[in-house]
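Student: Put the two chains together into one complex; each comes in its own frame, and the hints tell you how they fit.
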Amino acid sequence: GQQVMQIPQYQHVQEGEDFTTYCNSSTTLSNIQWYKQRPGGHPVFLIQLVKSGEVKKQKRLTFQFGEAKKNSSLHITATQTTDVGTYFCAGITGTASKLTFGTGTRLQVTL
Amino acid sequence: GAVVSQHPSWVICKSGTSVKIECRSLDFQATTMFWYRQFPKQSLMLMATSNEGSKATYEQGVEKDKFLINHASLTLSTLTVTSAHPEDSSFYICSAKVQGWSPLHFGNGTRLTVT
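In order, the protein sequences belong to chains A and B.
Counting in my numbering, the first sequence runs from 1 upward without gaps.
Counting in my numbering, the second sequence runs from 112 upward without gaps.
It should be emphasised that the hints constitute simulated quantities derived from the structure, not laboratory data.
Keep in mind that the hints are not guaranteed to be accurate.
List of simulated lysine-lysine pairs, DSS-like, C-alpha gap at most 25 Å [unchecked claim]:
| id | chain 1 | residue 1 | chain 2 | residue 2 |
| --- | --- | --- | --- | --- |
| 1 | B | LYS177 | B | LYS166 |
| 2 | B | LYS175 | A | LYS98 |
| 3 | A | LYS98 | A | LYS70 |
| 4 | B | LYS177 | A | LYS98 |
| 5 | A | LYS57 | A | LYS70 |
| 6 | A | LYS56 | A | LYS36 |
| 7 | A | LYS51 | A | LYS70 |
| 8 | B | LYS152 | A | LYS36 |
| 9 | B | LYS177 | B | LYS125 |
| 10 | A | LYS56 | A | LYS70 |
| 11 | A | LYS98 | B | LYS152 |
| 12 | A | LYS36 | A | LYS70 |
| 13 | A | LYS51 | A | LYS98 |
| 14 | B | LYS166 | B | LYS131 |
| 15 | B | LYS177 | B | LYS131 |
| 16 | A | LYS98 | B | LYS166 |
| 17 | A | LYS57 | A | LYS36 |
| 18 | B | LYS131 | A | LYS98 |
In silico negatives: residues of chain B with every beta carbon more than 12 Å from chain A [unchecked claim]:
| id | residue |
| --- | --- |
| 19 | THR193 |
| 20 | PRO197 |
| 21 | SER200 |
| 22 | THR224 |
Only a predicted model underlies this, so the values are computations on that prediction, with no experimental measurement involved.
Where a beta carbon is used, it is the ideal one built from N, C-alpha and C, also for glycine.
Next up, chain B with everything else stripped away, as it sits in the complex (with noise of 0.2 Å):
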């Protein structure tokens, strides 16, 4: 149980243009969806919680007018990255978990190149 996917699994795309990915819990319903950023061989960076039915709460230094999270559904939280360029390229990962303290369920992540 407690399956997470993202998708797409990899996406290259041009400097300015914009990129969605999706994060779907499948088999349970996730009121908080949190999604996360990683460089080569680097930690975990938070980016921003994603609340069902509010708005996302960005970390300190993210620009949510560059990186929209849409939380539509109790399964369904969506990241776009505008008008990306090449230094926004990285490992995008999203997780969710049930409820309170209960452990992170992450998906797969997708791997951004911007040239």
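Chain A with its partners taken away, still in its complex shape (with noise of 0.2 Å):
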């Protein structure tokens, strides 16, 4: 079955540090989303990513989709405490309706 997998599992880094975390699909994705699970909570969804290499910004998140479509990135720019959580890449295969979570990656971040 189709299996998505994120690196790294966990990172600790010091505010005002870079992030990033990627995610690898074993097939090509009609399209990938990503969502944040703070801890205690419900995922919230971040963005959703279709095309081929489509890179997408929110503020400092820039989220990227690889050429081949089986590949996407979550980079954050100068962390804050706020993006504590783990981070989940969730794609879609075909025309199926039904979205497979990455394994997640948690993020630590302290001052």
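Tutor: Next comes the structure, spelled out in structure tokens:
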């Protein structure tokens, strides 16, 4: 079945440092979505990428979809303590309606 | 918009009893809802896809007789964990989408503890 892996599993940074999480799918994706889950909370949608090579920005967050549509990345510039949480990518294959979530990257930010 | 309400937020039950979790889309109609299970520090694992007016589609390895799903209306899906055991203790989260590839909107989740 489809597998979506993320690296790293965990990263601890100091506030102000940059952070990147990478997402790799075993199959070509129709689109990819990113979610953030705060500790004790539920996943919250961040963004969706559909086109090959697409890059989208949300303030300090930059999302990229690979040319082959099998990988994606999320980069956070100058992290803040409010960025703490687990970041999940989630992909859709073909015309399927269900999302397969990645393994997640847990980000810890300290002062 | 696109608010999903899930109840209860947490429940403790004794082994052998059944627990029902409700998931409601408050301001939109959801023909499809999804039920996920999440263990601590792990990813979300899709359990089943709930379709309004028809039987749920279960993922491989998920016992449909143990995890009963009912999607009786366009705004309500329920998950009943029957004859719960301690290994069923987990965080259960429902989600819904408006249509097609639109993003998922998650409920707040239900933390189930079976003693």
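Student: Give a verdict on every hint.
Tutor: Hint check results:
Distance hint between LYS177(B) and LYS166(B) is fulfilled; the C-alpha atoms sit about 14 Å from each other, no more than 25 Å. For the proposed pair LYS175(B) and LYS98(A), the alpha carbon gap of about 18 Å is at most 25 Å, so the pair holds. Annotation: proposed proximity of LYS98(A) to LYS70(A) holds, straight-line Cα distance about 17 Å (limit 25 Å). With a C-alpha separation of about 22 Å, the suggested pair LYS177(B) and LYS98(A) falls inside the 25 Å cut-off, and the hint holds.
In summary, the hint linking LYS57(A) to LYS70(A) is supported, as the alpha carbons are separated by about 20 Å, within the 25 Å threshold. Pair hint LYS56(A) plus LYS36(A) holds up; C-alpha atoms about 16 Å apart against a cutoff of 25 Å. Annotation: proposed proximity of LYS51(A) to LYS70(A) holds, straight-line Cα distance about 11 Å (limit 25 Å). The suggested pairing of LYS152(B) with LYS36(A) holds, with an alpha-carbon distance near 13 Å, which does not exceed 25 Å.
With a CA separation close to 16 Å, the supplied pair LYS177(B) and LYS125(B) stays within the 25 Å bound. Proposed proximity of LYS56(A) and LYS70(A) is supported: the alpha carbons are some 17 Å apart, at most 25 Å. At most 25 Å may separate the alpha-carbon atoms for a hinted pair to count; LYS98(A) and LYS152(B) meet this at roughly 22 Å. Only pairs whose Cα atoms come within 25 Å are accepted, and LYS36(A) paired with LYS70(A) is accepted, the gap being roughly 20 Å.
For a cut-off of 25 Å, the pair hint linking LYS51(A) to LYS98(A) stands: about 19 Å separates their Cα positions. With a CA separation close to 17 Å, the supplied pair LYS166(B) and LYS131(B) stays within the 25 Å bound. A hinted pair counts as satisfied when its Cα atoms are at most 25 Å apart, and LYS177(B) with LYS131(B) qualifies at roughly 12 Å. In summary, the hint linking LYS98(A) to LYS166(B) is supported, as the alpha carbons are separated by about 16 Å, within the 25 Å threshold.
Distance hint between LYS57(A) and LYS36(A) is fulfilled; the C-alpha atoms sit about 15 Å from each other, no more than 25 Å. Restraint check: the Cα-Cα separation between LYS131(B) and LYS98(A) comes to about 23 Å, which is no more than 25 Å; the hinted pair holds. No beta-carbon of chain A comes within 12 Å of the beta-carbon of THR193(B); the shortest separation is about 24 Å. Chain A leaves PRO197(B) outside its interface by the beta-carbon criterion, the shortest separation being 21 Å against a cut-off of 12 Å.
Every beta carbon of chain A lies more than 12 Å from that of SER200(B), the smallest distance being close to 16 Å; the non-interface claim holds. At the 12 Å boundary, the C-beta of THR224(B) stays outside the reach of chain A, the nearest C-beta of that chain being 15 Å off.
No hint from the list above goes unmet by this structure.
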